[in-house]
Amino acid sequence: MHADEVPTDVTLVRRLLAAQFPHWAGLPVVPFPSGGTVNAVYRLGDDMAVRLPRIEGGVEDVAKERRWLPRLAPHLPVPIPTVLGSGTPAEGYPWPWSVHRWLDGANPEAGQLIRPALMAADLAGFVMALRRIEPTDGPPAYRRGPLSAQDHETRAALGRLHALGGIIDTEAATAAWEVSLRAPGWDGPPVWVHSDLMPGNLLLDSAGRGRLGGVIDFGTVGVGEPAADLIPAWNLLPAGVRDGFRAALAADDATWARGRGWALSMALIQLPYYLHTNPTLAANARHVITEVLTDHATASR
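Quick note on the UniProt record's numbering: the sequence shown kicks off at 1 and runs consecutively.
A couple of the hints might just be wrong.
[Said to hold, decoys possible] Calculated pairs, DMTMM-like style, for lysine to aspartate or glutamate (alpha carbon to alpha carbon, straight line, at most 25 Å):
| # | residue 1 | residue 2 |
| --- | --- | --- |
| 1 | Lys64 | Glu91 |
| 2 | Lys64 | Glu5 |
| 3 | Lys64 | Asp47 |
| 4 | Lys64 | Asp104 |
| 5 | Lys64 | Asp137 |
| 6 | Lys64 | Asp4 |
| 7 | Lys64 | Glu134 |
I should point out that these hints are in silico values taken from the structure, not numbers from a laboratory.
The structure presented is a predicted model; accordingly, all values stated were derived computationally and were not measured.
Using the sequences provided together with the hints, build the complete structure.
Quick look at the structure:
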């Protein structure tokens, strides 16, 4: 997916385990077809996973998760990853890597939620629990604001999409983006945000009840502005439950507009970049753009 990606395979994972975690070396290692873009994931036995950064940009995330996952977990209403082993560079692999406890559960899909109102409530409960954690000494979130810091990259993505012709309505997307940019910025205290609540980082409960069963990939977590965690309103939740999600999070007009802007910016950047390399992410980006533009058109009437 990336020009500078470091290749990994089962043989490399086995060598790393044999050298650093020999007590796990005899367990089956199977590549996991994750839609993630930063880490390669391998199942290890029945209840563990090996995660190795694909790119240098994911290296700092390893240390962040090792430090903060155990501190955040007791305060959250659903399971999050547990680091069981901290690997070091070796065997030709250049970066730190980790062994995590495996969390069961499939990723939810937009348009396929069986109980969308409950999922909206569960997501709001997770976001609020995260916000209530004391932010002192927390690292800066990957998406922390202000939204205007995304303007250059977002407009560059709009230019790439315009050059591709007909993929999206770039004129309408530009107008929607500019509405979000005009929203007043966050003037409250920073709060903890996951800042990447994409469907691929969410798990359905393994009992099949359609509820939130876990949240994964905390490399983007940190303190910032609350709008960054509103993105599930457009990348996963149907329009009929958005108002309930918004009310549960007490999002005022400005925060909601910035949240819509975060969702749109992410999708516009992802779509041309992953168009031919990550069909799952590209499809969700198209979905987000459609939902945001529908919202924008409705509000403009």
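- request: Against the structure, test the hints numbered earlier, and report the numbers of the ones violated in rising order.
  value: none
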